[in-house]
Amino acid sequence: MLPPLPDGRVRPAVLAPAAVLSSAATAVDPLDPDVVALAADLLATQRSEPGCVGLAAPQLGVPWRVVSLDVTGHPKARTGHGPMVLANPVVVAATRWERGREGCLSVPDLTGDVKRATRLVLRAVVPGTGEQVEISTDAFEARALQHEVDHLDGMLFLDKVAGAHALHARQVYL
Amino acid sequence: MTSGRVQLVVTVIGRDRPGIIADTTRLLAGLGANLEDSTMSILRGHFAMVLVAAADVTATEAEAALAPLSADGSLQVSVREVPAEAPATPLGATYLVSVHGADRPGIVSAVTAVVAEAGGNVTDLSTRLSGELYVLLAEVDLPAAVDPEQLDRDLVATGLELGVEVSMRVLDPDVL
Ligand SMILES: [Zn+2]
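Quick mapping for you: the protein sequence lines, in order, are chains H and S. Counting in the numbering used here, the first sequence runs from 1 upward without gaps. Counting in the numbering used here, the second sequence runs from 1001 upward without gaps.
Chain H extracted, bound-state conformation (with noise of 0.2 Å):
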């Protein structure tokens, strides 16, 4: 799930309140270059990023169907496919909710309790190959592609917390 990239960009994360992160994203051709360039500057940003997890293209202030995710070495990973990036993503099976807290690049102060699928069966195209995937997978990594294709959708994890006392003040690590 992850093709040769040309050398990927660290681009700035857009913030909310930003209109490109409550709109929904249309399809791309995974085998467009600048699909292709788009999914190597969300990988290039995400790693940028100390504990991010996983990027979509909203977050770079696009509009397009493309995520970049790598749970590698995460706490609470368990099954990991290494570091991805999908165009055009399709949850096909969600089951096993639970309640775990998620923080977002974009939303950078604050974190939130957050009901996922801990099962996901996931569709997606390979940018750059046009490979078609499907990605069964658990706890973090699942959760973490939910995150991601509700970014897709103009969704912040703001939009799904758990109730009026779930949404919480980021810790500092220091």
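If you are wondering where the hints come from, they were derived from the structure by calculation, not from laboratory data. Just so it is clear, CB atoms sit at the ideal spot from N, CA and C, and this is done for glycine as well. Check each hint, because a few of them may be wrong.
Straight-line distance between alpha carbons at most 25 Å, and here's what the computed DMTMM-like set of lysine to aspartate or glutamate pairs gives [claimed, not checked]:
1) Lys115(H) <-> Asp1172(S)
2) Lys76(H) <-> Asp32(H)
3) Lys115(H) <-> Asp150(H)
4) Lys115(H) <-> Asp1152(S)
5) Lys115(H) <-> Asp1124(S)
6) Lys115(H) <-> Glu1139(S)
7) Lys76(H) <-> Asp138(H)
8) Lys115(H) <-> Glu98(H)
9) Lys76(H) <-> Glu98(H)
10) Lys76(H) <-> Asp34(H)
11) Lys76(H) <-> Glu102(H)
12) Lys115(H) <-> Glu102(H)
13) Lys115(H) <-> Glu1149(S)
Beyond 10 Å from chain S on every Cβ pair, some chain H residues (computed) [stated by the list, open to error]:
14) Ala24
15) Pro33
16) Ala44
17) Ser48
18) His81
19) Ala94
20) Leu110
21) Arg119
22) Gly130
Given chain H, work out where chain S with the ligand should sit, using these hints.
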């Protein structure tokens, strides 16, 4: 003055420091007061607590007993007597209304006005300002006669006027 058990509402507001809850509840325990519901939060660094206690003393007596809390001027404490209420029974379903967008005056009043017009009752509310971003979360009890889809449409329309994102969904209790 006292005729048996009364319900007292105690509010404590002021500069946060460790030990406020411990001090407050110790003084209340000294009065033989029994803590019932309470809520406490830190709002922009300010300590804010409201609690309901059953006690055999008047509000004035309780306020006098709690006076040491406000002795250094950093906390304001007030006690009021309230009539004992039967616990409200939820009439319909509980919904969570989420609002987020650029901060501007009037978001809370506009959204809660729409909820009130529909006959919805806000049972829990929190708001946060984080940089430019304002977030409002309100838990709303809706009587069974109220059409949640109509309320959702009205809220979305209000959100468009305010330039903020509004969504509403049913809150299902996690019964484990
Ligand atoms: Zn995010």
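Lys76(H) paired with Asp32(H) [C-alpha distance capped at 25 Å]: violated, 34 Å
Agreement of Lys76(H) and Asp138(H) with the hint, judged by alpha carbon distance not exceeding 25 Å: holds, 10 Å
Least C-beta distance from Leu110(H) to chain S larger than 10 Å: violated, 6 Å
Holds or violated: Lys115(H) to Glu1149(S), with C-alpha atoms at most 25 Å apart: holds, 22 Å
Non-interface claim for Ala24(H) versus chain S (Cβ beyond 10 Å): Since the minimum Cβ distance to chain S is about 13 Å, Ala24(H) lies beyond 10 Å and the statement holds.
Least C-beta distance between Ala44(H) and chain S, which was stated to exceed 10 Å: holds, 25 Å
Minimum Cβ distance from Arg119(H) to chain S greater than 10 Å, as the annotation requires: holds, 18 Å
Pair hint outcome, Lys115(H) versus Asp150(H) [Cα-Cα no greater than 25 Å]: At roughly 13 Å apart (the allowed maximum being 25 Å), Asp150(H) and Lys115(H) satisfy the hint.
Lys115(H) paired with Glu98(H) [C-alpha distance capped at 25 Å]: holds, 5 Å
25 Å Cα cutoff - pair Lys76(H), Asp34(H): violated, 33 Å
25 Å limit on alpha-carbon distance, applied to hinted pair Lys76(H) and Glu102(H): holds, 11 Å
Distance restraint between Lys115(H) and Asp1172(S), which requires alpha-carbon spacing of 25 Å or less: Holds. Lys115(H) to Asp1172(S) sits at ~11 Å (cutoff 25 Å).
Of the numbered hints listed earlier, those contradicted by the structure are 2, 10 and 20.
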